Amino acid sequence: MDQSELHAVEAHCTQEAMPRCRAVCPLQMDVRAFMEHIAAGRARDARKLLERHLPLPAILIAVCDHPCENACLRRDLGGALAVGALERHVLATTPPQTRLIPRPPRQQRLAVLGAGLAGLVVAWELSRKGFPVDVLHEGDARDALRRSYPDIPETALDAEWTDFGKTPVTFLSSQYDAALIGRLRQEYAAVFVDMDAAATLLPLQRDDVDAATLHVEGNVCCGGWTDETPTGARLASASRQAGEGRTAAITLFRLMTGASLAASREQENDRRVLHTPLDGVASVARVLPAAAEYDADEAAREAGRCLRCECLQCVRECAFLERHKEFPRTYARKIYNNAAIVKGTHTANALALGCALCGQCTEICPEGFSMADLCLHARQDMVERGYMPQSAHEFALEDMAQASGPESAVSRPDPATGRCARLFFPGCQLAAARGPQVLRVWRFLRERLDGGVGIMLSCCGVPAFWAGNTPLFDEHAARLRADWESLGKPELIVACASCLDALARALPDARLRSLWEYLDDLLPEAAPVADAPVVSIQDPCGARHQEGWRAAVRSLVRKCGLRGEDPRRSGTETACCGYGGLVWNAQPDMADVMAARRASDLPHTALCSCIMCRDRLARQGKESLHLLDLLPMTAETSAAGAASRAPVAGLSARRAGRVALRRDVLAEYGETPPPPEAAALHLIIADEVLARMEDRFILRQDVQEAVEGIERTGQKFLEKESGHFVGSWRPRHVTFWVEYAISDVGCVIYDAWCHRMWLPGAMQPGKEI
Amino acid sequence: MSMEPNYGPDAGDWFCARCGERLEQRKVQAFYMNSAFDVLLPRCPSCGLTLVPKSLAEGKMAEVEALLEDK
Chain A
1 MDQSELHAVE AHCTQEAMPR CRAVCPLQMD VRAFMEHIAA GRARDARKLL
51 ERHLPLPAIL IAVCDHPCEN ACLRRDLGGA LAVGALERHV LATTPPQTRL
101 IPRPPRQQRL AVLGAGLAGL VVAWELSRKG FPVDVLHEGD ARDALRRSYP
151 DIPETALDAE WTDFGKTPVT FLSSQYDAAL IGRLRQEYAA VFVDMDAAAT
201 LLPLQRDDVD AATLHVEGNV CCGGWTDETP TGARLASASR QAGEGRTAAI
251 TLFRLMTGAS LAASREQEND RRVLHTPLDG VASVARVLPA AAEYDADEAA
301 REAGRCLRCE CLQCVRECAF LERHKEFPRT YARKIYNNAA IVKGTHTANA
351 LALGCALCGQ CTEICPEGFS MADLCLHARQ DMVERGYMPQ SAHEFALEDM
401 AQASGPESAV SRPDPATGRC ARLFFPGCQL AAARGPQVLR VWRFLRERLD
451 GGVGIMLSCC GVPAFWAGNT PLFDEHAARL RADWESLGKP ELIVACASCL
501 DALARALPDA RLRSLWEYLD DLLPEAAPVA DAPVVSIQDP CGARHQEGWR
551 AAVRSLVRKC GLRGEDPRRS GTETACCGYG GLVWNAQPDM ADVMAARRAS
601 DLPHTALCSC IMCRDRLARQ GKESLHLLDL LPMTAETSAA GAASRAPVAG
651 LSARRAGRVA LRRDVLAEYG ETPPPPEAAA LHLIIADEVL ARMEDRFILR
701 QDVQEAVEGI ERTGQKFLEK ESGHFVGSWR PRHVTFWVEY AISDVGCVIY
751 DAWCHRMWLP GAMQPGKEI
Chain B
1001 MSMEPNYGPD AGDWFCARCG ERLEQRKVQA FYMNSAFDVL LPRCPSCGLT
1051 LVPKSLAEGK MAEVEALLED K
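Taken in sequence, the protein lines are chains A and B.
Numbering-wise, my numbering puts 174 at position 174 of the first sequence, and it's gapless, one number per residue.
Numbering-wise, my numbering puts 1059 at position 59 of the second sequence, and it's gapless, one number per residue.
Chain A extracted, bound-state conformation (with noise of 0.2 Å):
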């Protein structure tokens, strides 16, 4: 990613953005962190913000139209905050909170032409810089003002009129003549034309100049233009006057020094709106001052209302983009930052890797931001340039290969007729999951399809797709297509969503459809029954775009005779379990979070098309049903309830699975693979035991090819009170540790631990990495 494609993906985030308020203002004054100064009581703060953001404060806020009133979204929701008058209320009750800084005097001098409010904000904006500024006006200096503006208090006048007196502005009474301006421009450094005051001497409308400098020619600029009604009116706008007094002013001090005119001038004109969401903000009547104008506490009451405008709308929605308590807009600029450290820590690794990948954020976001795409993108790079941390998703890595292969992994065509006109691809959590349902479903299938449907157990390769590893998925994809391609290239028949995902990026020209689409097809409509039990559907995340998938889902739960609710975020939206992107390997607790977060949404007991909502959700204690729960030719018990309840197969268990559902695949076609080879040792773990373990992504396969390591070696301690053994084994990157005992009927285990650093010589045995 390059600098300008990041600029391309942080302009998707609006967060920054300014709000309604501060959009439509020409000064852009921050109106949200005034009200948040008020409202908190902290008037001299409001004050210092008016001074920052306004040119002659005590006029402007006497004649500002207020724009941002009109714009304000709490117009239909009680009332436009009431901006003009806190100003008022601000100014009236607080002492001035600037000093003027005497600047030293420059030797360029301006020509303002024109008293308007336009040419007083040129002389107010360019004498702060200490360029002397003269004024020349017609009549009283304060008439060009007071005709614009009738009802302009006098003291706000002298007010202003007081502070020129601090400043190198001087007023010239002049008669305004056609040959003026040639000559001011020959006197002055930069002359200034006032559209109000002095319109008569050029004869510009506001489309005959650029609006982003308000540059006529030469060292000329104007500004400051009446507005006419539909009626035919004349109004002055005084925002809209004072920020082209800015615009001009900005345009003048570049003219004057040399500098280009226009570079970089877009934040001036940057008008992206905040998108901010109004679902469920109450509404509050605006709070009307009891006396003419507010007192501290009305005016602390009234900027309360203030909705401080935000968008954070798929920060609300995802645990992951919550928890690094920024936005969208701010990760993209760390993970970009985190790309180019070439030495030192990589601190946004754990944002990179904490995203599920699963693009609610993206349908949430009314710019379609894309987390899923900055974050895959990240860990691609990550393992490109090798910094991906080894332990992020080494597991799951290892779990995608022992899936895809030969313990686990078969291919083969219909075992009664020999054909393959459709390939049933359960993917490989639900073949670790739910063995028996798989094959009972494939039979029903095999008996109600024509053609053959033959079987893949295989992973699809999501796992390193999600983990940035693309030469892996690439290679996984090219065993996949040689074993579809060997059989014909029947359509598949799938039962997972994220294996859709990734069957349609390694076999692009392949034909894809959800088991559940076959299975609506092939199920009968079923009476409607009176008070049917309710269930929440969760969506899987990878289900998000496959509305065949989530149509036939809510179908066959009709079908079961049960009530599918939608609870909120669900369809397209639909939130993810923690399975996604892995993060269930990278960060656990993450993951977690999703789950619990995603099953409280679930009013109901959790119906889910996918085996790792399933299970995730049902490892937070949320009742959850698999949809093969449920249909005819799978549902183990006729209890939903119980099913509901039934505990969660751990990651050893999986792995098991695997193993024995190809037994059983192979055995449809009459083969026997010979038995695995008996364990040498009997190991006992209790089920707590065995769950700490696998929380630390220690298998029993690893505790036992631990222990029987140790135990032909020799090589361990022992606590002579307790009996107990502790011993090492090094397979891999990982060095497991084993607390165990050994007693006449096997080996119990304690407990065991892991780590990844290395000590040489003095851990055994050496089967050195």
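No lab work stands behind these hints, which were simulated from the structure alone.
All values derive from a computational prediction rather than experimental measurement.
Hints are supplied without guarantee of correctness; some may be wrong.
[Claimed, not checked] For lysine-lysine, the following DSSO-like pairs were computed, each having C-alpha atoms within a straight-line distance of at most 30 Å: (1) Lys720/A <-> Lys1060/B; (2) Lys1071/B <-> Lys1054/B; (3) Lys1071/B <-> Lys1027/B; (4) Lys334/A <-> Lys1071/B.
Dock chain B against chain A, hints included.
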């Protein structure tokens, strides 16, 4: 990056099962990703077999591993 220097066994009175010797706190080196650390761990004075207590593996060691992986 510093590791706390001295880690005893988590609990109990540990002996080398092969040599029968009581473990002693001895200095050993731990390596990971081109970094090396000196650390005092329970070790058999006779054969040198060294114990990594669980509290160390899951505490400081895991922390340092994660830090080094983010380098």
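Hint check:
This hinted pair checks out: Lys720/A and Lys1060/B have alpha carbons roughly 27 Å apart, not beyond 30 Å. For the given pair, Lys1071/B sits about 25 Å from Lys1054/B by alpha-carbon distance, which is consistent with the 30 Å threshold. Taking the CA atoms of Lys1071/B and Lys1027/B, the gap is about 26 Å. The hint holds against a cut of 30 Å. With a C-alpha separation of about 16 Å, the suggested pairing of Lys334/A with Lys1071/B holds against the 30 Å cut-off.
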